[in-house]
Structures are given as structure tokens and as C-alpha cells.
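K.L.:
Those protein sequence lines, which keep their order, are chains A and B. So for the first sequence, this note's numbering puts the first residue at 120; every next one is plus one. So for the second sequence, this note's numbering puts the first residue at 551; every next one is plus one.
Derived from the structure by calculation, the hints contain no laboratory data. In this text, a Cβ means the ideal position worked out from N, Cα and C, and glycines have one as well. It is possible that part of the hints are untrue.
[What the hints assert, rightly or not] A few chain A positions that, by computed beta-carbon distances, are all more than 12 Å from chain B:
| id | residue |
| --- | --- |
| 1 | K136 |
| 2 | L173 |
| 3 | G268 |
| 4 | Q351 |
| 5 | D358 |
| 6 | C361 |
[Said to hold, decoys possible] Each computed DSSO-like pair below joins lysine-lysine, with the alpha-carbon atoms no more than 30 Å apart:
| id | chain 1 | residue 1 | chain 2 | residue 2 |
| --- | --- | --- | --- | --- |
| 7 | A | K260 | B | K728 |
| 8 | B | K668 | B | K815 |
| 9 | A | K259 | B | K708 |
| 10 | A | K136 | B | K668 |
| 11 | B | K708 | A | K260 |
Chain residues, written in single-letter form:
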Amino acid sequence: MQAPLLEITNLDVFYGKIHALREVSLSVRQGEIVSLIGGNGAGKTTLLCTISGLIRPSAGGISFAGQDISRRAPERIVQDGVSHVPEGRLVFSPLSVADNLRLGAYGRSSGPGTRAELREQAAEDLERMYEMFPVLRERKKQAAGTLSGGEQQMLAIGRALMARPRVLLLDEPGMGPAPLVTREIFRLIVTLRDRLGLTVLLVEQNARRALKIADRGYVLETGRVTLTGASQDLLANHDVQCAYLGHDVGQNVRANAPEKPSA
Amino acid sequence: MDLPSLLQYLITGLTVGATYGLTALGFTIIFNTTGIINFAQGEFVMLGGMMSVFFMRALGLPEPLAIVLAVVCATLLGAVVERLAIRPVRDGSPINLIIITIGISILIRGAAMLLWGKDTFALPAFSGSEPLSFFGAALMPQTLWVLAISLLILAGLKTFFSRSIHGKAMLACSYDPKAAALVGIGVDRMVLLSFMISALVGAVGGAILAPITLTSFDVGVMLGLKGFAACILGGLGNPFGAAAGGLILGVLESLGAGLISSAYKDALAFVILLVLLFVRPSGLFGQKDGKRV
Ligand SMILES: Nc1ncnc2c1ncn2[C@@H]1O[C@H](COP(=O)(O)OP(=O)(O)OP(=O)(O)O)[C@@H](O)[C@H]1O
Ligand SMILES: [Mg+2]
Numbered sequence: 120m121q122a123p124l125l126e127i128t129n130l131d132v133f134y135g136k137i138h139a140l141r142e143v144s145l146s147v148r149q150g151e152i153v154s155l156i157g158g159n160g161a162g163k164t165t166l167l168c169t170i171s172g173l174i175r176p177s178a179g180g181i182s183f184a185g186q187d188i189s190r191r192a193p194e195r196i197v198q199d200g201v202s203h204v205p206e207g208r209l210v211f212s213p214l215s216v217a218d219n220l221r222l223g224a225y226g227r228s229s230g231p232g233t234r235a236e237l238r239e240q241a242a243e244d245l246e247r248m249y250e251m252f253p254v255l256r257e258r259k260k261q262a263a264g265t266l267s268g269g270e271q272q273m274l275a276i277g278r279a280l281m282a283r284p285r286v287l288l289l290d291e292p293g294m295g296p297a298p299l300v301t302r303e304i305f306r307l308i309v310t311l312r313d314r315l316g317l318t319v320l321l322v323e324q325n326a327r328r329a330l331k332i333a334d335r336g337y338v339l340e341t342g343r344v345t346l347t348g349a350s351q352d353l354l355a356n357h358d359v360q361c362a363y364l365g366h367d368v369g370q371n372v373r374a375n376a377p378e379k380p381s382a
Numbered sequence: 551m552d553l554p555s556l557l558q559y560l561i562t563g564l565t566v567g568a569t570y571g572l573t574a575l576g577f578t579i580i581f582n583t584t585g586i587i588n589f590a591q592g593e594f595v596m597l598g599g600m601m602s603v604f605f606m607r608a609l610g611l612p613e614p615l616a617i618v619l620a621v622v623c624a625t626l627l628g629a630v631v632e633r634l635a636i637r638p639v640r641d642g643s644p645i646n647l648i649i650i651t652i653g654i655s656i657l658i659r660g661a662a663m664l665l666w667g668k669d670t671f672a673l674p675a676f677s678g679s680e681p682l683s684f685f686g687a688a689l690m691p692q693t694l695w696v697l698a699i700s701l702l703i704l705a706g707l708k709t710f711f712s713r714s715i716h717g718k719a720m721l722a723c724s725y726d727p728k729a730a731a732l733v734g735i736g737v738d739r740m741v742l743l744s745f746m747i748s749a750l751v752g753a754v755g756g757a758i759l760a761p762i763t764l765t766s767f768d769v770g771v772m773l774g775l776k777g778f779a780a781c782i783l784g785g786l787g788n789p790f791g792a793a794a795g796g797l798i799l800g801v802l803e804s805l806g807a808g809l810i811s812s813a814y815k816d817a818l819a820f821v822i823l824l825v826l827l828f829v830r831p832s833g834l835f836g837q838k839d840g841k842r843v
């Protein structure tokens with residue numbers, strides 16, 4: 120079996136005294152879609168932010184393509200090939216859609232190649248984004264803040280793709296937009312993996328939605344990984360059903376359910 | 551009042567106003583990348599003038615060279631200030647940072663006084679001091695220099711922020727530093743750059759104004775406050791508004807001094823500011839609900 124492209128080992132993260140991640144280990148192989156599920160405040164966003172360098176871990180390692188990236192600056196990590204689409208999208212509201220996309224390639228502007236080559240590359244990528252998201256082409260001159268929630272999510276994904284990442288970290292891309300748009304976004308994630316060979320770590324609260332497209336999943340509870348396995352197994356797992364799939368199994372059954380792996 | 555004297559006030563106002571505008575631009579650039587009001591901005595204006603004088607007298611450099619050197623030094627000092635005083639505490643609250651900038655301004659002013667004393671200095675006009683006649687009003691050649699250089703800088707900055715990807719990256723840092731880092735923008739580098747650019751703009755303003763208004767170690771206080779007033783007048787965060795605010799303030803001040811009394815010249819700027827804050831807190835050119843910070 121090939122070595123994981125992204126491997127996280129025994130990661131500990133603190134916010135002051137709050138212990139937000141406890142010895143979290145997780146791995147994602149090239150071309151996989153792995154989903155990370157868990158309730159509010161479980162630490163999902165914290166984990167993604169730690170991978171992308173916005174938060175420093177106090178212990179543990181993050182290796183990407185065989186290199187330790189846990190001490191690198193966020194802009195460097197983007198250049199290395201890990202792009203993070205943050206929770207709440209965070210588009211640059213007053214800037215135009217086109218400028219938002221162009222800024223997505225900013226990290227590459229100091230990469231290899233002459234300036235003219237880089238500019239041409241960025242123009243080609245921009246064109247590909249417009250093909251992938253026709254709505255963005257229609258609105259390319261509009262300020263990003265005036266887009267609908269779903270359109271902003273597409274813009275945020277497009278902006279991240281402009282960096283030509285190998286791994287995409289997605290934080291609740293299905294949050295907010297209408298169900299139809301959400302479905303479209305999830306279909307797109309699969310397309311990106313199938314066509315471009317992109318590797319995806321997908322954070323979701325809606326476990327069913329996420330596990331349907333993922334190969335494997337991890338369950339995070341109060342900063343710990345409590346369960347992991349193939350998506351079908353997690354979907355069939357009794358505890359996951361109770362906690363995240365909204366199955367009405369009743370108080371009794373829940374009380375008699377076997378203990379979760381110790382927290 | 552007759553036309554020539556009205557024109558005269560207008561010219562004087564525009565000249566001084568251009569410097570207020572440049573100072574205001576300096577505030578705007580730093581505010582736009584960091585959300586900080588840099589109250590040391592006026593000191594860079596002072597340094598532009600004082601260092602030009604110093605390089606001419608002490609090193610015997612020709613004036614253009616002295617000014618270029620002064621601007622370069624001020625720009626580097628802007629970088630030093632950011633690295634030593636701002637970056638280590640960047641994550642602190644904006645109020646703390648603003649207080650630090652006030653501390654920096656006191657430090658720079660003190661150092662300037664120790665180095666150059668409390669005297670007032672004049673820088674020679676760039677191209678003679680023979681006034682030109684303009685519809686009956688006297689137009690000093692230096693006025694033309696001030697207006698032309700200010701316009702040039704404004705146009706340069708406008709191009710930088712609206713055309714260059716680096717300018718947009720700098721704006722992106724202000725809209726969302728986290729998202730900026732995530733697209734590969736080195737936020738630290740952008741903040742450093744913003745301090746350098748605003749020091750540069752301020753120093754240029756100080757150097758071009760020095761032949762007209764004289765300069766001394768403490769001119770930065772008033773210029774800084776007026777520049778800040780111009781910023782608010784034009785709507786904080788809006789570069790065009792900052793420049794326009796500077797010009798408007800300069801003209802109103804000059805008219806006020808001519809029509810009422812020059813004794814109230816400095817007070818006028820702040821009266822205008824206060825009135826505006828009551829009537830239209832987002833500034834003349836700001837959006838109505840222009841809350842950003
Ligand atoms: N900046 C912060 N300062 C202090 N505590 C924080 C900070 N950010 C997050 N936390 C805490 O860390 C824990 C994990 O938060 P995190 O945002 O990672 O959860 P999450 O799984 O993404 O939740 P959600 O599904 O609501 O987005 C929570 O208890 C939260 O209160
Ligand atoms: Mg979250």
C-alpha cells in the first residue's frame with residue numbers, strides 16, 4: 120500500500136488552556152476523499168487550520184508528501200500544495216470575483232518560471248475555473264460579497280484550486296447553500312478527485328452526505344478521534360447512526376448500546 | 551473679497567492640502583492592511599523635510615539627491631518600526647497597537663530634537679522663488695511642484711491598488727488576513743510593505759512642503775493630526791477620499807484664516823472634523839454603513 124500523502128500523528132493543539140485536539144492521528148492517501156465528521160466544537164476546524172499552518176500545534180507531526188510541514192508558514196504550505204477552503208468561505212468581499220480567483224494563484228507568482236509564463240498559466244487556470252463554474256464567469260466583475268452563499272462557496276473552492284493544490288481541505292462546504300446547490304458542490308468534489316486526481320479532506324457535520332462520497336471517514340469528538348473506518352462501515356455503525364445520522368433508535372437502545380472506544 | 555485674493559487663498563490651501571492628503575494616504579495604506587491607525591505617520595512627514603535639510607547641510611549633497619536619500623532613509627525607518635515595534639505585538643488589541651504608534655512618534659520626535667535641535671529650517675525651493683502671476687494671484691513655482699508630485703504619487707498608488715496583483719494582495723490582507731494567508735499571501739510581508747509605502751509617501755510630502763512652510767522637529771504633530779482629520783473627512787480607508795479630504799481641509803483652513811482670522815487656523819480643522827463626525831460619521835466619501843473594523 121502506498122504511503123499516505125498527508126499524515127497527521129499525535130497532534131495536540133491548545134487555545135490557551137483549552138485542549139482543542141488530543142493526540143489526533145489521521146492519514147489521507149493520494150486520490151482519496153476522506154471525511155472528518157463530528158458535532159459542534161469537536162475540533163474539526165481547528166484540525167484543518169493546524170494543517171494549513173494558521174494554528175501551531177504544541178505537539179505532534181504533520182507530514183505532507185513525506186515532509187514535515189507542521190512548522191511552516193501558511194503561505195508556504197499553500198505553495199507546497201495544500202489548499203484550505205475555510206469555514207464560512209471568507210471570500211474577499213469588496214474585490215471582484217475575477218480578482219478573488221486571481222489572488223488564488225498569488226502563491227504561485229514566486230514559483231518557478233518567468234513572469235510571462237506564470238501570467239499565462241494563471242490566465243489558463245482562470246479560464247478553467249470559469250468552465251467549471253459558469254456562474255462565476257457571468258459574475259466575474261461583480262464584488263464577491265454580493266454573490267449568494269452557494270456562489271461564494273464555489274468562488275472559495277475556485278480560488279483554492281487556482282493554487283493548483285494536490286490536497287484540498289474543505290471545511291463544511293455544504294453549510295448554508297440550498298440543498299440543491301449543496302448537492303452540486305458535493306458532486307463537484309467527486310469530479311475533482313476523479314478527473315484531476317485531487318486528494319480531499321472533507322469536514323462535515325452532515326455525516327450521511329459526507330460519507331456517501333468519501334472513501335473513508337474519521338469521527339472526532341471533543342478533540343479526539345473516536346472512530347475510523349471505511350465509509351460504508353461508518354454509515355452502518357450503530358454509534359454513528361445514533362450520533363450523526365439522526366436515526367430514531369430511541370432512548371432505550373441508546374442506553375444499552377456498547378460503550379464507544381474510551382474517550 | 552476680490553478674485554485675486556480668493557484665488558490666492560485657494561492656491562495656498564491646495565498646496566498645504568496636498569501635504570495633508572499625502573499624510574492621509576499614509577494613514578490609509580497602513581489602516582487598510584492592518585486596521586491600525588499609525589499615529590507616528592506625521593513624524594515621517596517631519597523626517598522627510600528635516601533629513602533633506604540635514605543631508606544638504608551636513609553632507610553637502612545637492613538638493614535632489616538629499617531629498618531622495620531622505621525619502622529612502624524614512625522608508626527604511628518605516629520598515630524598522632514595523633519589525634521592531636509592531637510585528638512582535640501584532641496579535642494584540644488595536645488599542646494597544648495604536649498606543650504603541652503614539653509611543654513611536656514621541657520617540658522619533660525626541661530623537662530628532664536631540665539630533666537637530668529646536669531650530670526651524672528652510673529647504674530651498676526646487677526651482678527658484680520668483681512668483682508667477684496667475685490671474686492676479688502670486689503662484690510660487692514650488693506650489694506647482696507640490697501639486698504635480700502629489701498627483702503623481704496618488705496616480706501611482708491608485709494604479710498599484712487597482713491594477714497590480716500585489717496591490718490587490720495587500721487589500722486582501724485587510725479584508726481577511728486569514729483568507730489572505732490561505733491563498734499564499736505572506737501577510738507579514740504585506741504589513742511590512744504597507745509601513746514602508748506610507749513612510750515613503752509621508753516623507754515625500756514633508757520634503758516638498760518644507761520649502762514653503764519651513765520645518766522643525768515638531769512639525770509632525772500638527773501634520774499628523776491634520777492628515778488624520780483629512781482621512782476621517784474623506785472616509786477612513788478610502789485612498790481617493792483621503793487625498794480629497796486633505797485638499798478640502800487645506801482650502802477650508804486657508805479660507806478660514808483669510809476670512810476670519812489666522813489665529814483659529816488650526817482649530818478650524820478640528821471643528822470641521824467634529825461637525826462631520828456628528829453629521830456623517832462615515833466621511834464625505836465613505837459608504838453610509840461603512841463599518842469595517
Ligand atoms: N480562537 C479560539 N479560542 C479559543 N477557543 C477556541 C477558538 N477556536 C475554537 N475554540 C474552541 O476549540 C474547540 C474546537 O473548535 P472548532 O472550531 O475546531 O470546532 P468545530 O468542530 O469546527 O465546530 P463547528 O462544527 O461548530 O464548526 C471548541 O471548544 C471551541 O470553543
Ligand atoms: Mg468548524
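K.L.:
Quick one, are A:K259 and B:K708 close enough, alpha carbons at most 30 Å?
P.N.:
holds (21 Å)
K.L.:
For A:G268, is the shortest CB-to-CB distance to chain B above 12 Å, so the non-interface label stands?
P.N.:
The assertion about A:G268 holds, with a minimum of 16 Å to chain B.
K.L.:
Is the nearest CB of chain B more than 12 Å from the CB of A:C361?
P.N.:
Non-interface label on A:C361 holds, nearest chain B Cβ at 35 Å vs cutoff 12 Å.
K.L.:
Could you grab the alpha-carbon distance between B:K708 and A:K260 and see if it respects the 30 Å cut-off?
P.N.:
This hinted pair holds, its Cα atoms lying about 18 Å apart.
K.L.:
Any Cβ of chain B at or closer than 12 Å to A:L173, or is the non-interface label fine?
P.N.:
Per Cβ check, A:L173 is inside 12 Å of chain B; nearest 6 Å; violated.
K.L.:
Can we confirm that no CB of chain B comes within 12 Å of the CB of A:Q351?
P.N.:
Non-interface label stands for A:Q351: nearest chain B Cβ at 33 Å, farther than 12 Å.
K.L.:
Between B:K668 and B:K815, is the straight-line Cα distance small enough, at 30 Å or below?
P.N.:
holds (23 Å)
K.L.:
Against chain B, does A:K136 hold up as non-interface, every C-beta pair farther apart than 12 Å?
P.N.:
holds (17 Å)
K.L.:
Check the hint pairing A:K136 with B:K668 against an upper bound of 30 Å on the C-alpha distance.
P.N.:
violated (52 Å)
K.L.:
Has the given pair, A:K260 with B:K728, been kept, meaning a C-alpha gap of at most 30 Å?
P.N.:
Holds, because 23 Å separates the two Cα atoms, which is no more than 30 Å.
K.L.:
Against chain B, does A:D358 hold up as non-interface, every C-beta pair farther apart than 12 Å?
P.N.:
holds (33 Å)
When each numbered hint is compared with the structure, violations occur for hints 2 and 10.
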